[in-house]
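Each chain, letter by letter, is given below.
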Amino acid sequence: MAKQLIKGNEAIVKGAILAGCRFFFGYPITPASEIAEAAAYYLPRVGGTFLQAESEIASINMLYGAASGGVRAMTASSSPGISLKQEGISYCAGSELPVVIVDIMRGGPGLGNIAPEQSDYNQMIKGGGHGNYKVIALAPNCAQEMCDLTMLAFELADKYRNPAAIMADGFIGQMMEPVEFPEALPRLEKKEWAIYAEGQDDDKLICSILLDPPELEQHNIKLQEKYAKIRQNEVRYEDYYLDDADFILIGYGVVSRVLQSAVDELRAAGIKIGMLRPVSLFPFPTEHIQHLAERVKKFIVIELSNGQMVDDVRLAVNGAKPVEFYGRMGGVVPTTDEIIANVRKIIEA
Amino acid sequence: MNESIGLKAHKVIINEDECKGCGLCIEMCPKDVLFEQPHLNRMGYHPAGYRGEGCIGCGHCFYACPEPGAITVLKKGYVEIEEEV
Amino acid sequence: MAVTAYKKAASFYESYERKSGLKDVTHYCPGCGHGVLHKLIAEALDDFNATDKTVLISPVGCSVFAYYYFKVGNIQCAHGRAPAVATGIKRVLPHSVTIAYQGDGDLAAIGGNNILQAANRGENITVFFVNNAIYGMTGGQMAPTTLLGQKTTTTPYGRTTANEGMPMKVAEIISQLDAPVYVERVAITDAKHTMKTRAAVRKAIKNQLENKGFSLVEVLSVCPSGWKMTPVQAKQWVEEHMFKIFPPGVYKDESAERDIREANKFIFSTEDIRSKLDIPSQEVIKSQIPQVPERYKDPRMILAGFGGQGILMLGVGLSEAGMEAGYNVSWIPSYGPEMRGGTANCHVNLSTNRVGSPLVSKPTVLVAMNLPSLDKFEDLVVPGGLIIYDSSLINRAPQRDDVEVFAIPATELADKLGNTRVANMIILGAYIEYTGVLTKATVLDALPNFLKKKTMVPLNRIAIEKGIEFARQKMNKS
Ligand SMILES: Cc1ncc(C[n+]2csc(CCOP(=O)(O)OP(=O)(O)O)c2C)c(N)n1
Ligand code: SF4
Ligand code: SF4
Ligand code: SF4
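Protein chains in written order, with the numbering used here: chain R, 1 to 349; chain W, 1 to 85; chain A, 1 to 478.
Where hints are given, some of them may not hold.
[As the list claims (entries may be wrong)] Cut-off 20 Å, straight-line C-alpha distance, at most; resulting in silico cross-link-like pairs (EDC-like, lysine to aspartate or glutamate):
| hint | chain 1 | residue 1 | chain 2 | residue 2 |
| --- | --- | --- | --- | --- |
| 1 | R | 190 | A | 52 |
| 2 | R | 204 | A | 52 |
| 3 | R | 204 | R | 189 |
| 4 | A | 196 | W | 27 |
| 5 | A | 276 | R | 37 |
| 6 | R | 297 | R | 324 |
| 7 | A | 23 | R | 212 |
| 8 | A | 23 | W | 27 |
| 9 | A | 297 | R | 264 |
| 10 | A | 19 | R | 215 |
| 11 | R | 159 | R | 192 |
| 12 | A | 23 | R | 203 |
| 13 | R | 3 | A | 283 |
| 14 | R | 298 | R | 243 |
| 15 | R | 298 | R | 348 |
| 16 | R | 204 | A | 283 |
| 17 | R | 226 | R | 324 |
| 18 | R | 191 | A | 52 |
| 19 | A | 362 | A | 298 |
| 20 | A | 265 | R | 198 |
Everything labelled a hint here was simulated from the structure, so no lab data went into it.
Between the sequences and the hints, there should be enough to build the whole structure, so can you do that?
And the structure:
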């Protein structure tokens, strides 16, 4: 297989194009600009369109329009830009438009900084926009997954007619690693609900307004049923040394890479510890955690935030076992040693 | 257009059910052919009425009216059969 | 053909099934200007035979429900965003007739930037802008187009320049941009103006059909409910008050000068896609991981120096060659403003196992190409680790006595080769020779794959060889 050493941000764009994406609407923001730049470079080569919009608000709405036309399309931004997109994401969810949104998370609140944080968890997973909606969210932890999960995001978005997000951070985006690009390309079908402007559109409607409360309730119920199906079918995670683990570290994205090193060292020191890495943040591996709670002593959640995903772990564990949290904020990524020291403290407490 | 088989005179059809009684057609008619009717329609509006006489088939009433189907203006020579085919 | 009838356009649904209640009348108030404009648009679509390829975008405002009526592809969208949504779908469906239908709150207030930018890009779309000097849908609040002194529910004492500023003149503003092809302000007050509106609607659609670019028609309309007037009074009010501030007229029209072009349809193709994406087609693992002395195995490296010394490239080179030798590799740079000016550093892992943390906090190898880097990272190196430094630029030896130190006058050697910028490749050559982590053949094979400037390959090759030679001499001496 042919491998290529490339940045995660570039792997996203190549993965997207291989997945059939031909439209990208973006607005520059560090550390996501490279995605726009790569899209601007590659899309015209494959007959696609890259457009730098006037704002993140415009770009998500351009995406709304493009997705209405039945094509695979995407946008990418970083935390402050994602905040601006939230209205549009809610509209995409309401109108059931398959769009892919990449969030290369950075430090906040406000302008914050450009270093990696994971403090967009709540705004993406809990719905930063209004309404009872969910965004499928995948969290890569290496360049290969930046490609693979982007391709998967397009599949899932189409399969469920739902927005799908990639939640990564500056490190995963900037990091170069070998990537193997898949040979098989997805076959794209016409979407019976999409507008093609070739006649036969008169019974189609892309719309999120339903004035009649019972009707809007029905629409919401239908959405919830869809989310239930997504919860049933699309949970993805990685177990690392969980079989005999007494203690489980839980972390995603760049954190999981540090946790992996920490687990290796702690195992070498004789501690029965493992790592659970949620790959899909929505749907969250709730049941898996419930099962693990039956046999482990403690969960330790590590995030680059004030503790956002930990709420979902606590909901899953539901008091059965202690759930501890260790987090860094402001773009500080803990070292392996730091994790080991703090995990030891928690284990021994 | 074969005028001999078509309408002999201009004809304005007001669909009273769709009329909201706004009076814009009446205001716009250059020949004063339209008027407000005294009775109320199903929505509670006084629908516009058409006197016929003096109508020049200009279509102003059609373009003044905000309702897509409230006013139809058929000009002299119009062949109604065409519609049914 | 002479008009023989004025009747409901075929571009309207026969029956408005999406609407609750009566299915044959609109939801608009009696005398509302929206209905009149709808009719003119529907008639034009009929006449141009464009119904089948029309996409109508209705953002928020009283016309949010335009999709009840128009028998076309309908997209309802967020408040003010119609120009962005129109941009999106028009780029996907260039053959379509894409219409954004916007109110004055929608277009001139919340969506102000979106309309300006779509106009300025010259999107090949048609915008119908309904200026009724008020927010109709939300119950009669002030719009950017509300007249001075006009009372609305949020200007109960009348709009003032001091508090709300002057009415916004959209046609004038848009016509100042170079890209739009056609901007006209019209009214629907009497037969004469309505016929001008009819012509403007047709021209704006025709321009799009002929691929001429962005057209905007501002329609001075009435909101009898919001204005608390009868429809007839409302029309008079437009003529008496709005005409003064918003004079009807053609503000820009280059329709005749612009070329008629064929709309090119977007065609999805995957032909040759891998090469277009610069994805290599051949197996890259060409060599094998060499036998490496235990202390140099699976290096975790920090490489640091000034921006411009090629420190990031050195890391990429090691990673690329490492990958081609069959290592698991990762390279991660310091990124962002820190890179501008100051120092640059990157972390590199070459591992026979899966790479855990790509962040190197306890390097087994430090390459320092300037003094600040040595100062900063020296203490992090694990005992028994290796510090390589550029002795042409760093005037002190590392202080640690529990690590191995390898001084290379890399910049001087590079200077002798004619370009100080290949100091990084001298270090690369010296490092692989000294540790045996990679073979010369692997690195030279990888060179064209990680060097962006292909013309620089020969010089970099010489530099790598120079580094190897330097390391050999050094090793023979000791
Ligand atoms: C983000 C957002 N803010 C506010 C609203 C409420 N809103 C709905 S319509 C409207 C004003 C519409 O006025 P205009 O564009 O002038 O159209 P009209 O109703 O007069 O036709 C407002 C403020 C909204 N739907 N979304
Ligand atoms: S067609 Fe002209 S003259 Fe006849 S009723 Fe209508 S407006 Fe009046
Ligand atoms: S303009 Fe139309 S709605 Fe108004 S009164 Fe005349 S027919 Fe009725
Ligand atoms: S509120 Fe005004 S703009 Fe809205 S439908 Fe009524 S008259 Fe028309």
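Checked hints:
1. 190/R with 52/A: Holds, at roughly 18 Å.
2. 204/R with 52/A: Distance of about 12 Å is within 20 Å: holds.
3. 204/R with 189/R: It holds: about 17 Å lies between the C-alpha atoms, which stays within 20 Å.
4. 196/A with 27/W: Cα-Cα ~18 Å, so holds.
5. 276/A with 37/R: At roughly 16 Å apart (the allowed maximum being 20 Å), residue 37/R and residue 276/A satisfy the hint.
6. 297/R with 324/R: Holds: residue 297/R and residue 324/R sit about 11 Å apart, inside 20 Å.
7. 23/A with 212/R: Holds: residue 23/A and residue 212/R sit about 16 Å apart, inside 20 Å.
8. 23/A with 27/W: Since the Cα atoms of residue 23/A and residue 27/W sit roughly 27 Å apart, the hinted pair is violated (cutoff 20 Å).
9. 297/A with 264/R: 17 Å, holds
10. 19/A with 215/R: Cα-Cα ~12 Å, so holds.
11. 159/R with 192/R: Holds. Residue 159/R to residue 192/R sits at ~13 Å (cutoff 20 Å).
12. 23/A with 203/R: With a Cα-Cα distance of about 16 Å, the restraint between residue 23/A and residue 203/R holds, given a limit of 20 Å.
13. 3/R with 283/A: Holds, because 7 Å separates the two Cα atoms, which is no more than 20 Å.
14. 298/R with 243/R: It holds: about 14 Å lies between the C-alpha atoms, which stays within 20 Å.
15. 298/R with 348/R: 11 Å, holds
16. 204/R with 283/A: Judged against 20 Å, a Cα distance of about 48 Å means the pair is violated.
17. 226/R with 324/R: 32 Å, violated
18. 191/R with 52/A: 17 Å, holds
19. 362/A with 298/A: 13 Å, holds
20. 265/A with 198/R: Within the cut-off at roughly 12 Å; holds.
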